[in-house]
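Participant: Below are the chains, spelled out letter by letter.
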Amino acid sequence: NAGVTQTPKFQVLKTGQSMTLQCAQDMNHEYMSWYRQDPGMGLRLIHYSVGAGITDQGEVPNGYNVSRSTTEDFPLRLLSAAPSQTSVYFCASGRTGTGEQYFGPGTRLTVT
Amino acid sequence: DAKTTQPTSMDCAEGRAANLPCNHSTISGNEYVYWYRQIHSQGPQYIIHGLKNNETNEMASLIITEDRKSSTLILPHATLRDTAVYYCIVRGVSNYQLIWGAGTKLIIKP
Numbered sequence: 001n002a003g004v005t006q007t008p009k010f011q012v013l014k015t016g017q018s019m020t021l022q023c024a025q026d027m028n029h030e031y032m033s034w035y036r037q038d039p040g041m042g043l044r045l046i047h048y049s050v051g052a053g054i055t056d057q058g059e060v061p062n063g064y065n066v067s068r069s070t071t072e073d074f075p076l077r078l079l080s081a082a083p084s085q086t087s088v089y090f091c092a093s094g095r096t097g098t099g100e101q102y103f104g105p106g107t108r109l110t111v112t
Numbered sequence: 001d002a003k004t005t006q007p008t009s010m011d012c013a014e015g016r017a018a019n020l021p022c023n024h025s026t027i028s029g030n031e032y033v034y035w036y037r038q039i040h041s042q043g044p045q046y047i048i049h050g051l052k053n054n055e056t057n058e059m060a061s062l063i064i065t066e067d068r069k070s071s072t073l074i075l076p077h078a079t080l081r082d083t084a085v086y087y088c089i090v091r092g093v094s095n096y097q098l099i100w101g102a103g104t105k106l107i108i109k110p
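Listed in order, the protein sequences are those of chains A and B. Here the first sequence stands for residues 1 to 112, numbered as in this note's numbering. Here the second sequence stands for residues 1 to 110, numbered as in this note's numbering.
If you're looking for bench data, these hints aren't it; they were derived computationally from the structure. Remember, it's a predicted structure, so these values are computed and weren't measured experimentally. A few of these clues could be false.
Rough simulated footprint, nothing fancy, chain A against chain B, three-plus residues with beta-carbon under 8 Å [claimed, not checked]:
hint, segment
1, 27-41
2, 44-51
3, 84-92
4, 100-109
Ideal Cβ positions, reconstructed from N, Cα and C, are used throughout, including at glycine.
Work out the full structure: start from the sequences and follow the hints.
Facilitator: Next comes the structure, spelled out in structure tokens:
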């Protein structure tokens with residue numbers, strides 16, 4: 001099992017550009033989520049999904065879109081990048097109904 | 001979900017037991033206590049969770065007080081690789097979200 005994979009590992013964007021962060025899991029987990037982590041802080045939930053076709057907002061959803069067309073994939077789209085979105089982004093998956101989540105290695109995004 | 005309070009940082013000597021405390025005085029009856037850790041720049045790693053009984057797995061033990069207002073994560077024989085930020089999180093059964101605080105930075109010293 002590869003677990004949770006994320007691409008790219010690093011990305012630099014200019015203000016106003018858009019991009020998609022990819023996340024995939026091979027554990028057949030229903031639950032997937034995206035977090036961002038700013039320096040010295042804990043993780044904050046952006047969006048989550050409890051199954052294909054079902055998504056919901058977390059604590060900090062503004063500026064981000066998600067979709068879940070398959071169980072395996074949960075991409076995160078930045079619509080118009082801003083310097084405030086400079087952060088490390090983590091994707092996670094888990095079985096619905098538990099708090100045991102498995103995290104990817106992260107994407108380090110810098111917006112200039 | 002209940003809020004948690006953890007010390008900002010702790011040291012422990014290699015080979016000794018590391019005891020990480022967490023206060024969750026407003027925890028309600030159906031909320032679980034979860035522990036994760038994050039080794040420098042990596043994705044967080046699940047360690048253990050419990051409701052009211054003490055729990056043990058291959059990584060750690062979780063001791064929850066009888067009134068459930070606090071808990072302690074125990075790493076029985078700490079190694080240098082256990083240096084990480086440890087997060088204590090309280091989660092309700094029906095809540096999908098994990099609310100992350102700043103955690104405790106544990107430094108294992110040789």
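Participant: Going through the numbered hints above, which ones does this structure break? Give me the numbers in ascending order.
Facilitator: none
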